[in-house]
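J.: The chain contents come next:
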Amino acid sequence: QKEVEQNSGPLSVPEGAIASLNCTYSDRGSQSFFWYRQYSGKSPELIMFIYSNGDKEDGRFTAQLNKASQYVSLLIRDSQPSDSATYLCAPTSGGYNKLIFGAGTRLAVHP
Amino acid sequence: DAGVIQSPRHEVTEMGQEVTLRCKPISGHNSLFWYRQTMMRGLELLIYFNNNVPIDDSGMPEDRFSAKMPNASFSTLKIQPSEPRDSAVYFCASSLTLRGILHNEKLFFGSGTQLSVL
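Quick note, the sequences are listed as chains A and B, same order. First residue of the first sequence: 2, per our numbering; consecutive thereafter. First residue of the second sequence: 14, per our numbering; consecutive thereafter.
What the hints contain is simulated information worked out from the structure, not anything from laboratory work. Note that the coordinates shown come from a computational prediction; the quantities given were computed from them, not determined experimentally. Careful: at least some of the hints might be erroneous.
Keeping only pairs whose Cα atoms sit at most 25 Å apart, straight-line, the calculated DSS-like set for lysine-lysine is [claimed, not checked]:
1) Lys-3(A) - Lys-68(A)
2) Lys-43(A) - Lys-91(B)
3) Lys-3(A) - Lys-119(B)
4) Lys-57(A) - Lys-119(B)
5) Lys-81(B) - Lys-37(B)
6) Lys-119(B) - Lys-43(A)
7) Lys-81(B) - Lys-119(B)
8) Lys-119(B) - Lys-37(B)
9) Lys-91(B) - Lys-81(B)
10) Lys-68(A) - Lys-37(B)
11) Lys-37(B) - Lys-43(A)
12) Lys-37(B) - Lys-91(B)
13) Lys-68(A) - Lys-57(A)
Using the sequences and the hints, build the whole thing.
T.: What follows is the structure, encoded as C-alpha cells:
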C-alpha cells in the first residue's frame with residue numbers, strides 16, 4: 002500500500018462547478034496535511050493546509066480532514082480554467098515531520 | 014528574495030556519466046529537501062537536511078546517489094554512474110525550520126532540474 006493515495010485523474014469538471022479531490026494516507030502519526038498545486042512544467046506551490054478534524058475554508062478552497070478514516074479532501078468551488086493543474090496531497094510523516102507527497106490528481110476545468 | 018535556485022535547469026547525459034545537481038536554498042532557511050518526480054512514482058522524497066546535517070536519507074534509491082550540504086547556502090545531489098531510469102525532474106525545496114512544518118510552514122520549491130539519461 003502506498004503511503005499516500007490519490008486518484009490520478011484526469012478529473013474533468015465544467016467551469017463554475019465544484020471539484021472534489023480526495024486523498025487517503027497510511028501513517029496514523031501524520032499531524033498536518035497540505036495541498037499543493039502544480040501547473041504543468043512548474044514546481045509545486047502550497048494552497049492549503051489543515052491539521053484539525055473537520056473543514057477549513059480559504060476563499061474558493063475547502064479542505065476536509067477525517068483522521069479516524071485517514072482521509073483528507075480538497076473542494077474547489079466555482080472552478081475556473083486557471084484551476085486546471087495537478088493537486089498533490091502531502092501529509093507530514095516521520096519524527097521530523099517530513100512531507101510525503103501523493104502522486105497527484107490532475108484536474109481539468111473546461112469552459 | 015530570489016527563492017530556491019537550482020542548476021542546471023536541464024541536463025542531458027549518457028548512461029554511466031556522473032551528474033551533479035546544485036541547489037541554493039532561501040537565505041535563512043534551515044531545512045533543505047531533495048525530491049524526485051516521475052510520472053510513474055510521483056514526487057518522492059530522497060533526502061533532507063536540517064542545519065546542514067542529513068536527517069533522513071532513506072529515500073535515496075541506491076548507493077549511486079549521494080547528497081551533501083557543505084554550508085547553509087549550498088547543496089548538491091550527485092548520481093554516479095547515472096542510468097536511464099534516473100531520468101526525472103529533481104526538485105530542491107527549503108523551509109525556515111524543520112519542526113515548523115508541523116505548524117503549517119510551507120516548503121519553497123526550486124524550479125527543478127530536468128534530467129535525461131540516454
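J.: Next, verify each hint and record whether it holds.
T.: A quick look at each hint next to the structure:
1. Lys-3(A) - Lys-68(A): Roughly 17 Å between the alpha carbons, so the hint for Lys-3(A) and Lys-68(A) holds.
2. Lys-43(A) - Lys-91(B): Distance of about 22 Å is within 25 Å: holds.
3. Lys-3(A) - Lys-119(B): With a Cα-Cα distance of about 23 Å, the restraint between Lys-3(A) and Lys-119(B) holds, given a limit of 25 Å.
4. Lys-57(A) - Lys-119(B): Holds: Lys-57(A) and Lys-119(B) sit about 17 Å apart, inside 25 Å.
5. Lys-81(B) - Lys-37(B): 12 Å, holds
6. Lys-119(B) - Lys-43(A): 17 Å, holds
7. Lys-81(B) - Lys-119(B): At roughly 23 Å apart (the allowed maximum being 25 Å), Lys-119(B) and Lys-81(B) satisfy the hint.
8. Lys-119(B) - Lys-37(B): Measuring from Cα to Cα gives roughly 17 Å; hence the hint holds.
9. Lys-91(B) - Lys-81(B): Within the cut-off at roughly 9 Å; holds.
10. Lys-68(A) - Lys-37(B): This hinted pair is violated, its Cα atoms lying about 36 Å apart.
11. Lys-37(B) - Lys-43(A): Holds: Lys-37(B) and Lys-43(A) sit about 18 Å apart, inside 25 Å.
12. Lys-37(B) - Lys-91(B): 15 Å, holds
13. Lys-68(A) - Lys-57(A): 14 Å, holds
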